[in-house]
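All chains, please: the whole structure from these sequences, using the hints.
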Amino acid sequence: MKRVIETKEVSGQSPNYLLAKFQDLVDWAVNSSRANSLWPMPFGTACCAIEFMATAASRYDFARFGMERQAFSPRQADVLICAGRLPFKLAPVIRRIYDQMPQPKWVISMGACASTGGIFDNYAMVQGIDTIVPVDVYVPGCPPRPEGLLYGVLLLHKKIRGESLFDRVPRRDEQPLDERGLRLPPEQIDEISEPFGNSVHQFRSA
Amino acid sequence: MNPTVDALRATFGNAIGRGLESCGDTIVYVAREALLDAMAWLRDTPQQRYDYLVDVTAVEYRDRERPLEVVYHLRSLARRADLRVKVELDPRGDLTVDSVVPLWRGADWLERETYDMFGVTFRGHPDLRRILMWETYAEGYPLRKDFPLRGRFSRAEQVRQALGANPEAHYSMEELSIAEAYDELPADMKERLRRGERGQLPDSE
Chain A
1 MKRVIETKEV SGQSPNYLLA KFQDLVDWAV NSSRANSLWP MPFGTACCAI
51 EFMATAASRY DFARFGMERQ AFSPRQADVL ICAGRLPFKL APVIRRIYDQ
101 MPQPKWVISM GACASTGGIF DNYAMVQGID TIVPVDVYVP GCPPRPEGLL
151 YGVLLLHKKI RGESLFDRVP RRDEQPLDER GLRLPPEQID EISEPFGNSV
201 HQFRSA
Chain B
1 MNPTVDALRA TFGNAIGRGL ESCGDTIVYV AREALLDAMA WLRDTPQQRY
51 DYLVDVTAVE YRDRERPLEV VYHLRSLARR ADLRVKVELD PRGDLTVDSV
101 VPLWRGADWL ERETYDMFGV TFRGHPDLRR ILMWETYAEG YPLRKDFPLR
151 GRFSRAEQVR QALGANPEAH YSMEELSIAE AYDELPADMK ERLRRGERGQ
201 LPDSE
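Which chain is which? The protein sequence lines are A and B, in order. The first sequence maps to residues 1 to 206 in the numbering used here. The second sequence maps to residues 1 to 205 in the numbering used here.
It is possible that part of the hints are untrue.
[Said to hold, decoys possible] Each pair of labels, with its calculated beta carbon distance range:
hint: 1; chain 1: B; residue 1: PRO148; chain 2: A; residue 2: PRO140; range: 27 to 37 angstroms
hint: 2; chain 1: B; residue 1: PRO148; chain 2: A; residue 2: GLU187; range: 14 to 24 angstroms
hint: 3; chain 1: B; residue 1: VAL59; chain 2: A; residue 2: CYS142; range: 39 to 49 angstroms
Simulated from the structure, these hints should not be mistaken for laboratory data. We put the beta carbon where it would ideally sit given N, CA and C, even for glycine.
Next up, the structure:
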């Protein structure tokens with residue numbers, strides 16, 4: 001949608017210009033508030049969670065970036081950080097945690113396993129949590145160093161600052177799911193779960 | 001070689017198969033029919049006293065002619081002796097052995113895991129369900145050699161089935177067995193359980 005609303009021009013200085021400036025001001029205020037007080041919901045399942053704890057502890061200290069309070073309840077969290085591999089048995093759990101978080105909410109996929117399945121290209125592991133919940137920032141690494149996670153957090157800040165309250169695009173709104181309960185269409189899930197790397201010679205029997 | 005093997009053979013005769021030594025551990029093969037008797041004998045005979053069941057697992061070999069083995073690691077805490085008991089089963093035949101839960105209560109989850117991963121049925125197990133995979137898992141037994149590494153279903157189907165599972169089903173009262181053990185609890189603990197987390201009695205009481 002166009003951000004400028006049609007109004008009649010009354011003087012040399014366009015009111016559209018003023019309105020756009022006002023909207024920018026509101027966006028700036030809201031987005032700065034959101035970006036600078038992200039409360040993370042840690043979902044640590046593996047070694048990435050150790051690096052996450054190091055990031056939270058005093059040496060790297062992501063409280064410097066407004067993530068002062070770790071919310072171990074999804075109801076008080078803004079950003080879900082999935083640190084570690086996600087087995088299929090945890091898939092309904094992370095989906096429920098994501099559903100329980102209030103809007104607006106963001107997701108950081110930390111590490112190779114959360115982003116792609118990593119080395120666990122097998123029967124038990126979700127091949128990337130983006131097949132379960134929408135992901136905003138992928139942090140590569142196995143596991144990523146705390147600097148990597150902090151860089152991911154800063155990228156998320158940048159992304160949040162680029163959002164606008166006045167866009168009608170339902171970016172942060174949840175799309176209703178069909179009866180299959182899948183967030184992506186099945187063929188897309190199969191496509192992004194294709195084997196890669198050293199595992200291309202393994203075949204599915206049926 | 002652990003002297004227990006000779007004692008076993010003297011007691012059970014032909015039901016005891018070959019015994020061999022590997023890396024300092026003694027392995028003895030027992031016929032499926034004699035397993036429960038032999039295990040009870042190993043646990044209760046004063047000279048043996050294998051009172052601790054360390055692990056129950058199974059092995060399937062890549063060689064299709066070799067039988068699938070169910071492996072029991074026994075330890076005698078008093079005598080500081082170890083024994084590994086194996087039962088051979090035909091992987092294409094009936095995968096059933098007697099459960100040792102009546103002898104060692106700790107075999108409960110170990111046998112459930114072996115059932116979950118290999119499909120070995122333990123006859124007489126009180127609650128033989130899957131333990132690692134969710135209970136509606138329909139793709140088979142993941143550690144069998146004929147199981148493809150990525151599972152039998154497509155990824156989309158696996159995601160769909162996983163999301164359909166109830167994440168709280170595994171933490172039910174039944175799972176924790178509190179309901180079964182409730183009658184045996186002391187009165188004060190019953191009272192605390194009845195009050196629940198909030199420390200209040202339900203209205204119906």
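Okay, the hints, checked on the actual structure:
The hinted range of 27 to 37 angstroms is satisfied by PRO148 (chain B) and PRO140 (chain A), whose Cβ atoms lie roughly 28 angstroms apart. The beta-carbon spacing between PRO148 (chain B) and GLU187 (chain A), approximately 20 angstroms, falls within the hinted interval of 14 to 24 angstroms. The hinted range of 39 to 49 angstroms is not satisfied by VAL59 (chain B) and CYS142 (chain A), whose Cβ atoms lie roughly 31 angstroms apart.
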